[in-house]
Amino acid sequence: MENIAAKLLWTFLGLLIVLNWGMLKTSLIRKIVARVGGRYGIRWYQPWINLIKLYGTRGQLSHGVMFYLGPVFRIAGGIGLFLFMPLIFGDPRWSNFAFAGDLILLLYFKFFGMLGMALGAGEGGHPYSAIGVSRGLSQYTAVEIPFTLGIIALAVQYDTLSLTEMVAAQQGGIANWTIVTNPIASAALLFSMLGIFMHAPFDLVKAPNEIPIGPPTEYHASYLGVLRTNAAILHITEAILFMNLLFGGANNWIELIIKTFLIYFITVFIGVVFPRFRIEQSVRFFFGVPLILGLLAIILIM
Amino acid sequence: MSEETKHNNQPENTEETNKFPKAHLQKRTVYSPDGEKIEVDPLQDYYLQDRPERRDPRYRAVEKFLNWARSESLWILGFGTGCGSIELPPLTTPRFDAFRFGIAMRPTPRQSNLFIISGYLSIKTLKRAIRSYEQMPDPKYVVALGSCTINGGMYFDSYNTINRLDKYMPVDVYIAGCMPRPEALIAGFNKLKQKIKEGRAEGANEYVQRFDEYKANQKQIIKDWNMPDYNW
Amino acid sequence: MKEILERINQQFNCIGHEFQPENLSWVQVDKKQLVPLLSYLKHTEKFTHFVLLTAVDWIENNEFQLNYLLTNHTLHQDIAIRVMISRDEAEMETAHHLWQQIATYQREIYEMYGIDFPSSPRVHESFLLEGWDGIPPMRREFDTKKYSEETFFPRPRPEGKDPQTHMKQKLYPNEE
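Protein chains in written order, with the working numbering: chain A, 5 to 306; chain B, 4 to 235; chain C, 138 to 313.
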């Protein structure tokens, strides 16, 4: 694309669509879970009202520069991940700024957000925030192991580090998807997907009961609004990443919406069945079967 | 001299007059590893020591929209002060389902904007409730549950429980009963939502306006005052 | 149960005993013999479960009464030991070397009645009441209603709205 301004405009439009779809997906999932439990559930437009209320709080206090920068880092990580993610295959308008070798950059951007949040939460003035931060980071480190091994296996299989080429190799029917052609690496990646989404059973860091000893204790008003906005963008973008890696990418927006919804639904299915894992249990879990699957995937590819 | 007194927000019960001194809350001098002398006062809040100020709404149209949003998303602080807090979990069961009204329970006062005082308040709990109430960001609302907050209720002649809640913090809605049923609670929430939408629920500003009066009442009851004057 | 009571009667100087429904009996002893009796009951008679320790204020006789309740789970029997202490010098020997949880009961009794248990751990720390500087509130000379009306701000009853007459008129309007 010659015109950088037009490209920025299309990227911004894609960001708006992804943001709104993320918030709608949150309320839809909660509504489905509530209906299964016999309740009516929250209204479908509730996340927007929450955001308006949070941004409209009058009294807000800050604990210093690093506290202010925590959510800023997090949303920088989220938007950065979105900027380099190709959304729709075959359409150069919606491919954002994807380039050859962007897979490694994506790995960096995902971790960047957590680190910024850790620095900011430690400044909160709450004595137990550091405990929550160390717990969250250790769980995330354990999750990254099968993730990285699976990605390396896929990179060797498709002989490229560019997401667009990986999606191109998966076109032409379900039999070409990575899930079918490389089931072991897909299994390792699906295990790590549970941990990356931080939905139950790995949601100890973000659960409301655990918040008083967690990172987001002191974040209120606009800070919390920024964190929630980032959550909406980040979940959809990660689902798009897994869609591009494992499920053949999307050719138009309808396919993208359906596929990301179903991918997120896998985690919800597993989440309603299992209780919450403690951090040492989840670290031990990720060092067990997912690590073996990841190593097996690399050995078989060689 | 006026500068000092403006920022000098020490509690009135200093070590000389406080009859209940605690060893770990006294002012002391600490020497850092470099030999530097540091004065430490555990009761002083190093980030903010000023009195709170009024925050009035500015534009009516914007405020109407924001009030509608605030009333449709009430986040309750999960602090059960008395026996009335047993009526809060039934609200989340399928029979009454408070989530469809936008009500959620949050664990920290920083993220909530509704404080439900459920039942009686002993002196110990009043101290912690004031601390939690002052840490909530503006705008904040208080709902008083049960008859113990109105005139003392069942414990009107007790040496340890307060009789009237609105001497210590501003209250928006009273819900009578001992204990009120969940249907009464939902009716109370509807009344609170109406009050917020009309713009009459400015409890935080009223607290700031009558700050000295509330503080004098609180300090008269709570003799063991070991917190700053205003807990940011 | 009667054999146990006879054995206790032989060793300690019991002032009186009575039976209530079949598995609860009362024994009253002197103040100095309480801790040896508790130790004997715990180690020899296997009353190993300590249930509670409460106090009663007999202001007419100018004395306090302490009740210790123990349980034997093999025989399913309870025994209660009653001790009378003078009200002017309210002090009692501590028994927390037998059961550690007695320390908590003794803290509560010190705060509420003023009965001192010297050498009990942390007995003088404020436990239930923070910032209390009056007389121990469960003593019968303490008028709690008067204290509540003076300290806390009672709400005056609105005029002409007595609940009794109002409900009577509402429910039974035809009666006189």
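Hints may be right or wrong, so weigh each one.
A short, non-exhaustive set of chain B residues, derived as facing chain C with CB atoms under 8 Å [unchecked claim]:
hint: 1; residue: Ile126
hint: 2; residue: Lys127
hint: 3; residue: Thr128
hint: 4; residue: Asn154
hint: 5; residue: Met157
hint: 6; residue: Asn163
hint: 7; residue: Ile165
hint: 8; residue: Asn166
hint: 9; residue: Glu216
hint: 10; residue: Lys218
hint: 11; residue: Lys222
hint: 12; residue: Ile225
Worth flagging that the hints you see were computed from the coordinates, not collected in a lab. Think of the CB as a built atom: it goes at the ideal place given N, C-alpha and C, for glycine as much as any other residue.
Here is what the structure says about each hint:
1. Ile126: This hint holds: Ile126(B) lies near chain C, its Cβ roughly 6 Å from the closest one there, short of 8 Å.
2. Lys127: holds (5 Å)
3. Thr128: violated (10 Å)
4. Asn154: holds (4 Å)
5. Met157: violated (13 Å)
6. Asn163: holds (7 Å)
7. Ile165: holds (5 Å)
8. Asn166: Nearest chain C Cβ about 4 Å off; hint holds.
9. Glu216: violated (12 Å)
10. Lys218: Check failed: Cβ of Lys218(B) comes no nearer than 15 Å to chain C, outside 8 Å.
11. Lys222: violated (11 Å)
12. Ile225: holds (6 Å)
In summary, the numbered hints that this structure violates are 3, 5, 9, 10, 11.
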